[in-house]
Amino acid sequence: MPQIDELLLSLGERFGVLAESNTTQLTIIARNTDIAVGDLFLLPSSRGADRIYIFRTTQYANILSRTIEINDVARNKLMMPDSYLAEDLSDEKLIELKGMVLGYAEWNASGGRWEFHRPRRLPQHLSDVFHVDPKRTEIGTAVCALMESQLGKDGLYVGDLLAGEESLAGVPVYLPPFALSHHIGIFGRTGSGKSNLMMVLLRSIFEYNRKVFNGEAKSAPASIFAIDPHDEFRYWHLNSGGADGVHGIVESLSKEEQHELVEPFYYISAKNVEGQNLERRVFLSRADITPEDLISISEFTEQQIAFANTYYAMHGENWIGRLLMGDTTLNTGNEQAADYLPGTIAAVQRRIGFLRFGHTRLVNRFDPEVGLSYDSLLPEIICAIESGRVIIVDTTLMNELEQFLLTTVVARVLFSLRKALRSAETSDNLPKEIRQALGNDDEQGQIGMRTLADELVRRLETGKLPYLAGGKLKSSELLPFVNIVIEEAPSVLNPQRMKFGSIFRDISRQGRKFGIGLTVISQQVSEIDSGVLTQINTELIMGLGNETERREAIRNASSDLGGFERELQVMSKGQVLLTTSYKDVPIPVQCPEFDETVKKYGR
Amino acid sequence: MFENLRNFSSIKSQIQQIAETMKQYEETPALSEEERLLLFDRIRFFHHSTKQDNLFFGAAKGGGDFPSVIYGNSYVYVTVANSILFRTDRVSGLVEVKTGIEPQVNVSLLHQASERTSFQLDEVFADLCGMPIAEVIENSDYQNLKIPDKNKGSGADFLYQNLIRPPESDSGNLSIQLRSTAEYGATFKLIRSAEDCNYILLDGTLSLPFVTRPDASLFYEHLKRLCCVEAHRKKIGLLFLSANHGVVEAKLLENLAREKSSLPTDAPVEHCFFRFPVPKVDEWQGTLTEKYRIPPAGAVTYLVWLHKNFPAYRLDVDRSFWLDFVYGNTDAETERNEQKLFEILDYLCHEQRSFGFPYPLRAVQNRLAMSRAERTGLRKQIIDRCVEYGMKRALFREASFES
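Sequence lines, in order, name chains A and B. Final position of the first sequence in the numbering used here is 628; the numbers increase by one with none missing. Final position of the second sequence in the numbering used here is 416; the numbers increase by one with none missing.
It is possible that some hints are incorrect.
What the hints assert, rightly or not - Just some of the chain B residues that point at chain A, by a computed CB distance under 10 Å:
1. Thr63
2. Gly106
3. Leu107
4. Ile357
5. Tyr360
6. His363
7. Phe370
8. Tyr372
9. Pro373
10. Ala376
Source of the hints: derived by calculation from the structure; they are not laboratory data. Even glycine gets a Cβ: it sits at the ideal position worked out from N, Cα and C.
From just these sequences and the hints, can you work out the full model?
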């Protein structure tokens, strides 16, 4: 770890001098150089202790040194059109930069490292200022050392530190793996690079899991259930001569790694992909779906919810089939059931109409009495996620409801299972907890999701559902950090939709405890339910479309984004502002092109 | 002294006399109609220039503190020189170019005892110009311009021996010699090192004060002519520009220019020039030539009005260079070349901070100027160091020709 003398040597030529300064803003006077908003600067200071301040410019202006005011020059140019202002080496032309201190690093002699602190202090008067020039690798090393705690040392790579318009090579930025289960928001307009960011993140998760498998990382693995609405992630740019996507990553793994990190599948789709290595056609059963799932994804009135819940309580996993068949009687035994208007019942029938046979590729019928047995990939999906897997879900052939339904069901079941695991006191009682979590209690006459419960309990016993280790309950700390991706999030996470409850709201509030997080991807921050937004601990903010969205992004960020308003207006493709509750400062990041990452680091 | 000053009538009459005499000098003598027409005919005009491409302009300047400190019979002189180079630019007008030549600072001691002083002065001159002074004299064409002394000889060795070397206490003359040597030394280095240079501007004239004296000469005269020789060889135009032309008839020439361009009586004059007759080239002569001994030996002299509301400047150009690169096969060609030259000069005068005066010259003057604080600081350093060696601080005197 370089100490201050070594660091000072690597800073190069002085760029400027600190002029005015206060705790909210610094002003620096510097030579006439081409710089950009967002450029980083280092200010060594020995007031109090040896510290190096990190300054980020948010605005700058051209000024003149002494002999003539710049306004006079402009006026003269207008009145004497033939006049010019020559460019001297000994600079009349200077620039004045304003910006904020991100923080400072102070050398901890006992720890042998630089410790980063929030900006509670100021550099001394007239400190020298050094530019963090992306072209100089030594300065990248210095920044790495100074900001190590903010940049992360390992984990999930998201990109390189952005200094102005260029990234600092050799200064990577990582998210800790547990960030996946603490909720992530990815906000950016169309074309801002969200898909590429997802690809880089997916590759990072694969890389991380590989390290866990090899023993290089002593931590739980990670899982992500990533919705791919445009079927991009599998092949990425392979068809146009670019890099292969997740398919390429999987193909590059050894057989053993594929077995440990990928099997049974990494790609599921409504398309027929049987026969492709580690790719499967996805389907659910009607037995997998509860009213709660449907309420989360479409509009139900209070009466309709009540009816659906009552009906489900009566018929359990058979409720959809029965209702679609027209069996609308509510036989609740000895207790008096509420009356429901025919209109209410019809409305619920309409809302589940998309699950009619022939209307959906995703959901299979379930009626064991007529030979329609349980046929669903859900148990496999759950087991895979609980083993540490990257699962890409191609939703191109699904309609919006089907896409959201799949995500909701998977999220709900996972959440229920994790709660069950937490509730179980011994391994013997886990199967019962699982059944109860899925609403199945035969002793009480509750059918619930009996068949799914049977499937999962069977897999628990065979070890495919990895909740037991050596016959004992596995600690939830050893289970993967799970992340469920919600694309086009305003459709399911808007306040209106969540009025009567949503599994996503529950997960957003409690998921962290159980190691399940959401990734909310949206072009608009303003349309997302505020209850969900406040639970997001990591925001990856990309270029946003308008002032309203930028304002909302700033308001909801996990770090103080004061001073970054201008930045948000001028962000280019692939540029990300990372704010998170476990870093002290916002980190501007350049997410590399996935193709370049593959070229540089291999799959 | 105060007693004599009480005799006010005597002083008053002396002052009156001086004023009347000065007025006579100022009055423009009447010219004959013939001469008037001759001068009228030789007023030429050039175009206002807002664009010049692919040209490089240098400038050099010398200065210093003469002397910086005095201690008994020891005089410490500080001489400085700097040069600068610009290229034309579409956006900024002029952009400075690195020359790789460091500014020169020479701190030298001249001590009583003429032999010692002479020897020390030779060393200082050599240091300021970057070569042995014998080499300068040998390679310069100054001796070709000088009127030889048939009795005493005129070779390089003779000239070297008879260089005027003022004593250490003659600050006035030493300041001129040191400053000029430094300036032309910087010019010579610029000529030698600049790969691309079209013109170098200098403040002053090509006058050679001792060229008519067969025996004596000033070292910087040799160096000045050596610069001309070297610049000519490299096809660089040395342009000596001076605001102090001392030509009383300049007003008359202005009137003629006004008349020639049909301007009203008080209208300002600009973008025009007048060339003094060039010996062996121009067949006409006039009272101006005889009166002012212009052009000086080895030079061609102009008066030029670059911008309205600015006085005329005198421009001296090396004769050899002028014959090769300005003088044409016909009068028309010569005039075109002259116009081109003045349009270039005009362009250089459009910089906002020095409108009406060529910017490279202004820039190098600004760059070189020693502030009072710098002079004081340097003096203090010299005195402090001497005191460390046991000299008495109280015996130091500060008296200088600031330049």
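Hint check:
1. Given the 10 Å rule on beta carbons, the hint for Thr63/B holds: about 4 Å separates it from the nearest Cβ of chain A.
2. About 3 Å separates the beta-carbon of Gly106/B from the nearest beta-carbon of chain A, less than 10 Å, and the hint is met.
3. The criterion of a C-beta within 10 Å of any C-beta in chain A is met by Leu107/B, whose closest approach is roughly 4 Å, and the hint holds.
4. For Ile357/B, the interface hint is violated, the least distance from its beta-carbon to any beta-carbon of chain A being 14 Å, above 10 Å.
5. Below 10 Å, beta-carbon pairs count as interface contacts, and Tyr360/B has one with chain A at about 9 Å; its hint therefore holds.
6. About 5 Å separates the beta-carbon of His363/B from the nearest beta-carbon of chain A, less than 10 Å, and the hint is met.
7. About 13 Å separates the beta-carbon of Phe370/B from the nearest beta-carbon of chain A, more than 10 Å, and the hint is not met.
8. Because the smallest distance between the Cβ of Tyr372/B and any Cβ of chain A comes to about 6 Å, under 10 Å, the interface hint for this residue holds.
9. Residue-level restraint check for Pro373/B holds (minimum Cβ-Cβ distance to chain A is 9 Å; threshold 10 Å).
10. With its C-beta approaching chain A no nearer than about 6 Å, Ala376/B sits inside the 10 Å limit, and its interface hint holds.
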